[in-house]
Amino acid sequence: MKGVTPACSGTKLVLYVQLMMIYQQKKVSGSSDVALTMSDVKSGRTQVKTNGHFTTYMQSRNDGSQEWASPPSRLPRPNKPNDSCGLNVMTQSCPTPPQNRRRFFLSPKTLRSSWGLRSSSRVPADNALSASLISTHQALPDNRRWSALVLGKIKSLWFTGLSSSGLNQLADDEGGTIKPVCPPPKKSSQSDLYMRLGLLLGDNARRGGRSRSANRSSHSHDSISSLASLEANTLASSNTSPVSTLTGSSEADAHRTLKEPSSDSVGSLMSMSGHSNCSSSPLSRRHSVTTTQPGLVEELAAFRNRRQSIRRSARSGSVKGPIDPKVRFAQYRTQQLTLKPLFFEVPLQEPDPLFVGRHWMIRQLEECLATQGPGALITGLPGTGKTALLLQLVEYSCFGRRREPTYKQDMYTCNGKDRPSGSSMSPSTSQSIYCQINLVSERIKHLASHVVAYHFCQADNNTTCLVPDFIHSLAAQLCQAPQLSAYKEYLQSEPHLQVALSLKECIAAPDVAWQRGIIEPLCSLRRVGKLTSCQRAVILVDALCEAEYHRPDTGDTLASFISRHAPACPPWIKFILTVRTHLDEVMPPLPFHRMSLDILSNNNENVQKDLLDYINFRVSNSPSIQSNVVPGSAGQFRLCQHLVSLAQGSFLFAKLTLDLLERGQLVAKSASYKVLPVTLAQIYLLHFNLRFPTVKSFEKVSAMLSICLAALYPLTLLEIYYSVNALYAETFMSWDEFLQRFKLLSGLLVKRLDNTYMFFHPSFREWLIRRDDGESNKFLCDLRAGHAGIALRLSRLQVPLDPEKTLELGHHVLKAHLYKNMTLHKNSSRDLQAHWIASVSADVSEALSSLRNIYSPNVKVSRLLLLSGAFADHITEFLGQAPALCLFAHEGSVEMVNLLLEFGASLDNPNSQGCTALILAASRGHSEVVRQLVGAGASLGRTDTAGRCALVHAARNGHLPVAAYLLVCDWVLAYPDNEVGLAEAAQQALVAAAAQGHTEIVEYLLDMGEVQLDGQDSMTGESALTVAACNGCLSVCSALLNHGANISIPNQKGLSALLLSVKEGHWAVAERLLQNYAPLEQADNQGRTALMMAAAEGHVGLIELLLDKGCDITREDNE
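Going letter by letter, the sequence shown gives residues -3 to 1115 in the working numbering.
If you are wondering where the hints come from, they were derived from the structure by calculation, not from laboratory data.
Here a beta-carbon is modelled for each residue, glycine too, at the ideal position from N, C-alpha and C.
Across the chosen pairs, the derived CB separations fall in these ranges:
| hint | residue 1 | residue 2 | range |
| --- | --- | --- | --- |
| 1 | Gln511 | Ala366 | 23 to 31 angstroms |
| 2 | Asp769 | Ser641 | 22 to 30 angstroms |
| 3 | Ser641 | Asn823 | 53 to 61 angstroms |
Make a model of the complete structure from these sequences and hints.
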């Protein structure tokens, strides 16, 4: 036994062998096994498997305190806090929710798996049992510790088999119980035997193996001890909510099934997570959905326990005799796409909300999409049904389930015979409503059949408001659309396009990713006839105004990006966008056909009719509403008319008012209807007055609301809990008390499919933050408290913070401003904030130079990072290991360049190609950045590894303003060995501009006295005329000839302008040179004339031109 130390006696070896035999033979519950690894024996202490965090004992031993509670598995394990921060109060005293003590089970498969001993965080162990074993181990003398440990573990196995309750019977998040864990599956050896028999017996055995595999899978689903089973439950859960169509699992992916995770598979540890959906790209996104790939689970389930390759070649030496054609091999899987669509879910208070009307809007949309414009823009006030309309289109599209609404289960027909018996509406009214529902459904289905992608902007989910994530998610959804299956196949065959569409590339160059990764491939496929079935592709984008809340300091917003690129899209790609009416003015002009859902628009009559039909439907089908209003059809008709006038086109106002009447919280039996609210703000105020009658009752939930309002993305229940407790300094809120308070917000915060919470409507979120003039300020939430709670939670539970979390912390620290209105004698508030960031961040310099902060910088947070000690000359991994100043200069971020210069960044630090910040800014044409760098003292003559200075780069790329500014600057050579003077730089700039055809720059440079018209570039040996003729730049050649350029002067290789133009086949340039009397018989160093070169290159047209001009056909070269 290698793993046993020499100190172990013979009795201990016997106990060890017996224990291992029991593990292999005794069929015990997989939830109560305790892992004993060989490293335990070597180290002489218990190696406890935990679910991603230390046990209570381990934490107390590391920090010298026995009072630490185990943090939940959903949050990272807290490191030992830094005493200098003064932030160790929360981590030592914060209680742990009870459901986090339930995932401490072991899978018996792990004991047999070679991988189980390596990944200790994968299969957790019982916390209480581990703590008791450790305490016993510490209490006994050294010579008895091993025996007590082994006996204790054997005893735990015996007691586990006697009771079905105990560790297995634990409470869940909502106060329920977990079912006892079922018996473990059969041994892996038996599974391997069945699998081998299945290979020989064919389909019958394989079907049997599949049934056994299904049984094993069902057993594993009953236990939450296995991470793989938890992942399977999360990804394979059935969704009954209509918003489940926005999660990526739809009929479009019906043929794409996920491989069943296995506890013996290493891939299950890296592929999918039940708690967070992250991209496999270098950047992770919190709310994203993995794009699944086609594959048959039934064909692969039998092979999931194999360690070796299944398919073998017939040419392999290990295969003897003929190959049985009945043997089935594993299906070949194509290359998996790395594109991940964003996770969209619109929070709804009802699983299937009523949708009535809008047939006129559908008709107008179809007419608009049939025109040559880029699409339609739907405007409307809050609650007018913009998002509801797009949800219906998604529901009936290839991403939805194409099911009928639940209120049509009785199959109401247009003849009026099957109306509800208790309806108080007239037969004609009822009949028209049901006919309208059927009509709208059919029209929506037709329009939704063209939908190939969708995007919902949400202010409380910042990733949905960013341009790079929009492009990446859109490309992933286009691959999922059946109409564009050829696009998916094209991306699979072209890996470089997947790289161009990766999130990293979308952040670095969104315009390039959009054009090269989406538009150009679609146009190419359309031209070759592979997209003939897709006559029209519709892209839905909802609530563009919500993205304006996350407007970056530099770069495009989502609205400005679409307004720039949508008109250039092919005519068969259409957009349907929505935006609020009063926010339309702050957005860039959008070139779309506008449609309005407001009651003051041209569609006033249609809007009122839709709203009246909705109210009539609700009132006539709800006895509760009828009992709380004036009885009789006449009274109900007056109520409906009054609600229509109050709603002003807002379906949300009508719905919330009818909900109050249905629950009996409003009673409108008087003819005046004075009890009814008149605005959405009054409805929200009435809700809060009913829920929180006193100020103290509202204070119980105000911190939760503030935290949800301040969060950049939807939070889980545990994140909200820890953020609330982070606001307390001495006494903390228990988990049960937190749940009781959180239940007071039921209906206002809606739980999503990823276990996060969002406000049920953006207008309610805004009502909690700000009020209009004349409205009551009651129940306003303090956003500073929310930012403070999140900042403290990040600092206490997730240190050390990675670059993205550091930027998030900086955002919340600045928004919280905890030191505001405090009397500080020694340090300023900004110094304290900087010390805070430096104490909890893993590397503030990495955060400053992170990918998102480079291409979309947050200037205020960046300043805080520099105050925290970030290195202004930090070398990044981008753009050839360029310093931070070079990157921000390359992107043209003037504020960031000034900020780095303020903190002492070096001006002339180059990247690996020798390009300084000035060279990179000049090559991109950023005039203001160039002015700032030159004003700060940047070297004008500094060259890169190719010998080009900033002036040459500006001229070569056609940036005349930058070139003109550099020419008038004072050139002072501090290091002559690495710099060039103005005269040499101007000559090189002339040749570089002539080579690229920039006529304006050439003419500008020719007016300078330092530039020689026929001078040669010291680096390339070319003159302006020869290089222009070689590249076929006719306009530049004409400009040079007009200025008197010598047409017969050759380059350094002895080739004249005519020889170069003929050699490269530029007929127009050669003709222009011949018109200016270029010598026909001028030869190169080998004696070859222009006619010889034309003949050698096969340029027939040039041969005829030269012969017409009188070239000597009998002349020979030197060879």
